[in-house]
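Peer 1: Given the sequences, and given the hints that come with them, work out the whole structure.
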Amino acid sequence: MDVELQILKHLARDAHPTVAIIDEYCAEYKDLFKEVRNYECFKYLHLGIISTIKRKSLPEIAKVVSINSAQSLHHFLANSDWSVEELKQRRLNKLKQILNGQTITVVIDETGDRKKGKKTDYVARQYLGSVGKVDNGIVSVNAYGVYSNITFPLMVKVFKPKGTLKEGDKYKTKIELASEIITELIEEGFNIELILADSLYGEQRVGRLCRLEATANPKGESSQFIRKLEEYNLAYVVAIRSNHGVWLPAGQSVRANKWCKFERTFSNQKSETRYIREIIYGKKRAITYWEITTDPETMPENSTSFVMTNLQGNLKKTLGDLYGLRTWVEYGSRQCKQELGWTDYRFTNFQ
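When you number the sequence shown by the numbering used here, it's gap-free, plus one each residue, and the end is 351.
These are calculated hints, taken from the structure and not from any lab test.
There could be a bad hint or two in this list.
As the list claims (entries may be wrong) - 25 Å max Cα-Cα, derived DSS-like pairs, lysine-lysine: (1) K170 to K160; (2) K30 to K116; (3) K118 to K96; (4) K174 to K119; (5) K88 to K172; (6) K88 to K133; (7) K119 to K170; (8) K54 to K118.
Peer 2: Pasting the structure below:
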């Protein structure tokens, strides 16, 4: 619209354009911002995040998008009157609209990244998967959706260690956060076909046993997370530790079936040989346990997985590909998260 006409009609000016892909994506959220300046900052942040700059801090983003100061970006995040919850809901609604009822696989993953200093909310010394040790950093529990080899983020919840809680915060374990995510996704109306998760979410909390050993357990086998999946009748494939315990009645034993060779097919359609066998605890049951490896003789630690599932049928040819999807989604999402600046931000009023 002509600028003079906008002024005469007391209409808001048009937002400055950025690049086509950013303008097209952000247009879906334009009505959530009352002021043009806030909408422009929303677009500038997206533009900066996908740029090639090394650090995705506000000052660096301001430079790359050619605005005079990072103050406007800071004001947009800290003080302007737009709703984070409305933005999240709009994004989820858009996903549901595109999926149109199609089933998705959901991958649950927790990731931790090193953070310097102590000013960022919920940073503490804790185990960080990205560095493989305890360090100063932040941890989140994430849910990714997979549809037709397309992976997309669904939800994220930041883990809040006990020593970092603020007034009004309630301590929740990572398993509790993951269980909340499942409930919220179901209540949102997503059609979930399968849940994939690592060993944190597959383990029981009643003790550990050596591999292929068992004993009796009056409390049942399922962790809180598994019980939540069963509550919603969801199919799952979750990792377990090699010393996972399964409780058996007296007189029942554990046996391992013969190894079966299969071709693990990757998303690029390349394949590699893998081996799989079922571990049977006593009698056949609804939940089954499997070992998957690249070498059944040496069972290398970094390429051997122990999984349990409630899927039924002949799983020898399919289970390896299903579980392998979790590894590649986690790896790819970790790279994207770091590229988009997850380790560069510093929030002191996290919501």
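Peer 1: With reference to the structure, classify each hint as holding or not holding.
Peer 2: Structure-based check of all given hints:
| no. | hint | in the structure |
| --- | --- | --- |
| 1 | K170 to K160 | holds (9 Å) |
| 2 | K30 to K116 | violated (34 Å) |
| 3 | K118 to K96 | violated (38 Å) |
| 4 | K174 to K119 | holds (22 Å) |
| 5 | K88 to K172 | holds (21 Å) |
| 6 | K88 to K133 | violated (32 Å) |
| 7 | K119 to K170 | holds (20 Å) |
| 8 | K54 to K118 | holds (22 Å) |
Consistency note: the structure conflicts with the earlier hints numbered 2, 3 and 6.
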